[in-house]
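Kindly generate the complete structure, drawing on both the sequences and the hints.
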Amino acid sequence: MQSRWTRLLPIMMVTFIIAFMDRTNISFAIPTMGADLHLDATALGFASGVLFLGYGVSQPLGGWIADRGYGRALIATLMILWGLSEIALGFIETPTQLAAVRFALGFFEGGIFPTMLLFVRTWFAPSERARANGIWQLAYPLAAMVNGPIAGLVLERASWRTLFIVEGIFPIVWAAVWLWGVAASPQTARWLSPPDRAAVLARLSSEPELPAAGAASGIRGQITRRPVLLFTIAVFFWNIGFLGFIIWLPSVLHQDTTLSPAAIGWLSALPFAVAIIAMQFLTRWSDRTRDRRTYAAVPILVCGGALVVAALTFATNSLVANMALLTLAGAMLYGSQPVLWSIPGDILPRQVAGAITGIMNGVGVLGGFVGPFLVGYVRTLSNSFSLGLATLGACLLLAGALVASIYEVSPRRRIAVTTDRTVSHGPVKQAR
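Be aware that the sequence shown starts at 9, since it is given in our numbering, and climbs by one per residue.
Calculated directly from the structure, the hints in this document are not laboratory data.
Ideal placement from N, C-alpha and C gives every residue a C-beta, glycine not left out.
Keep in mind that a hint or two might mislead.
[Said to hold, decoys possible] Per label pair, the in silico range of CB-to-CB distance:
1) L237 with L209: 31 to 37 Å
2) S390 with G229: 40 to 46 Å
3) I177 with R228: 37 to 43 Å
4) E215 with S413: 37 to 43 Å
So this is what it looks like as structure tokens:
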């Protein structure tokens, strides 16, 4: 039964590390690529963010395919396609080619996220899901940690073109490992022994799925429910902050002209190293209390506040003070993510979870386009990153407030309502 944790989740994690590196390594290529292709900050921001337009378009389709049991084959196919797209970035010559290939890269990566969330829901009981999401979503801080040093080493020895080509090979090779090590459900996992399969199924049946509000409605009925709408809008603003932070962090540090590319790479990794620690505490507390809302909203609000303070003081702060603020912001931003994405498991019915999650994240990742473009645009206007950091902070404060306003019957309270039809501790706020 432990193979769920020791085999399935690590393979999922490495898959997403590769995906995240391939979508964000442009942040390290920007300083030299921009000069080679004669792009200003606005154009670079657009090229960085256009990936997420493709990502958003393909999310619902990927979730819909995963709902029908084809998630394993889907991700293997997408890895090969996005690897080829990443390699193609090493051969671009014009801004138009850059934007087109980045869009294609996003389109081929889009089906991964809802499929992975569906895998967690299929393999793990409700009280395990924040921790399970926390393990495979370690991909975010780990990718940010390893991407900086790898990119710095490559760029010190070769060009930005080599960076894209080298990192494009990774997913093509890893697709074989994915097919070997992953199964869409316990019933289809050939690597599970009969006793282990029975133990996993018994664990899942010990915490049966409780019907979400509006479970009888289809996709159209679900996307109009208040908690689903609030979550979708929150994820949109969260992604503005999330991708704006990761894409432009190296360039913010690049303002210190005393730092080498390798030093910038290592400093860029620091917020994400701390995020790994924060993530473990937040996911464990969330699973223990089954409170997703608080343990997602509070860290997001802290992150937004830290970025606003950084924006107001960045020009006069020392490098140590700026890194402290950026590290706090990055740790809370990344640490909140697995808890945030455990919320759909509590508010969505199983039969449409993949498709609805794809729609929610598809809309949400449009913020991944807005964030990098917005920071680049205000940088062009103000010749400073301070206004960009303030904008990202404001978006995250709004995202945190929206998450805090998502009221759904807690799993424990829902059990009481289901079995007794009465609640002795006050009224229940039922999501509609």
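Q. Tell me, which hint numbers fail for this structure?
A. Of the numbered hints, just 4 does not hold.
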